[in-house]
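Asker: Sequence:
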Amino acid sequence: MIKTLDVSLGQVGALSLLNPPTIGVPVVEPGVILASGYYTEQTTGQLYYYDVVNDQWYYYAAGYIYPLAISWKPSPSPKIDLVTGDTLRFNLTFKYMGPAVTRKFYAAIGTSETSGAFDEWGGSWATTKNIAIPAKTTPTLITGQYIDIIIPSGQGGKTGGAYCKIMNGFTLTEGENCTPYYYNVCYIVPP
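If you're matching positions, the sequence shown starts at 908 in the working numbering and goes up one per residue.
Check before you lean on any hint, since a few could be wrong.
Cut-off 30 Å, straight-line C-alpha distance, at most; resulting in silico cross-link-like pairs (DSS-like, lysine-lysine) [stated by the list, open to error]: (1) 986 to 1043; (2) 910 to 980; (3) 910 to 1036; (4) 980 to 1011; (5) 1065 to 1011; (6) 986 to 1065; (7) 1011 to 910; (8) 980 to 1036; (9) 980 to 1065; (10) 986 to 1002; (11) 1043 to 1065; (12) 1002 to 1065; (13) 1011 to 1036; (14) 910 to 1065; (15) 1011 to 1043; (16) 910 to 1002; (17) 1036 to 1002.
No wet-lab data here; the hints were simulated from the structure.
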């Protein structure tokens, strides 16, 4: 059975450039292990510091480091009961302006928290999908796109959180290429 969660990624593409710049949380590919230390984003030259012990990113400005994080918000829909074999469909909306592009979208289910980093359940609890976005010369609301996660076995009796992001890029900026982390999204019904 398909059950849906409506999420908004905010402003994507050139449209996000119309707003004052924001500092995003750096993205690390799965399986890549980093040491504590400074890292430079190649496009902007922004300097970041990563604290491996606390799994926390900071951005560097004016001789200081400032913590970065994606916020936690309540689920945009009532809590959804899911059983093995169900499909959780992330219905995506976002505003876009720019050339025609294809972007890799990512959705994940994990531990439902109200603060801190998102703890993905791993394995089949996350998925990616390439989505073609048509060229738009004015800010346009894009709808009708989605990502499906087919619920695997395991995690029975737990409440799940979820989020969605666009994989292309070095940083995650809530409202530009990433949703907040949503808590109380779903309940995994025990077998």
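Asker: Would you mind marking each hint as holding or not holding in the structure?
Answerer: Structure-based check of all given hints:
1. The hinted pair formed by residue 986 and residue 1043 fails the criterion: a straight-line CA distance of about 35 Å is larger than 30 Å.
2. With a C-alpha separation of about 20 Å, the suggested pairing of residue 910 with residue 980 holds against the 30 Å cut-off.
3. At most 30 Å may separate the alpha-carbon atoms for a hinted pair to count; residue 910 and residue 1036 meet this at roughly 18 Å.
4. About 24 Å separates the Cα atoms of residue 980 and residue 1011, which keeps this hinted pair within 30 Å; it holds.
5. Restraint check: the Cα-Cα separation between residue 1065 and residue 1011 comes to about 28 Å, which is no more than 30 Å; the hinted pair holds.
6. A C-alpha spacing of about 12 Å is found between residue 986 and residue 1065, which places the hinted pair at or below 30 Å, so the restraint holds.
7. The hinted pair formed by residue 1011 and residue 910 meets the criterion: a straight-line CA distance of about 22 Å does not exceed 30 Å.
8. Annotation: proposed proximity of residue 980 to residue 1036 holds, straight-line Cα distance about 24 Å (limit 30 Å).
9. For the hint pairing residue 980 with residue 1065, the CA-to-CA distance comes to about 18 Å; that is within 30 Å, so the pair holds.
10. A hinted pair counts as satisfied when its Cα atoms are at most 30 Å apart, and residue 986 with residue 1002 qualifies at roughly 26 Å.
11. For the hint linking residue 1043 to residue 1065, the alpha-carbon distance of about 42 Å lies beyond 30 Å, and the restraint is violated.
12. Annotation: proposed proximity of residue 1002 to residue 1065 is violated, straight-line Cα distance about 33 Å (limit 30 Å).
13. With a C-alpha separation of about 6 Å, the suggested pairing of residue 1011 with residue 1036 holds against the 30 Å cut-off.
14. Of the pairs offered as hints, the one joining residue 910 and residue 1065 holds, with about 17 Å between alpha carbons and a cut-off of 30 Å not exceeded.
15. Our distance criterion of 30 Å between C-alpha atoms is met by residue 1011 and residue 1043, whose separation comes to about 18 Å.
16. For the given pair, residue 910 sits about 24 Å from residue 1002 by alpha-carbon distance, which is consistent with the 30 Å threshold.
17. For the hint linking residue 1036 to residue 1002, the alpha-carbon distance of about 18 Å falls within 30 Å, and the restraint holds.
Hints 1, 11, 12 from the earlier list are contradicted by this structure; the remaining hints agree with it.
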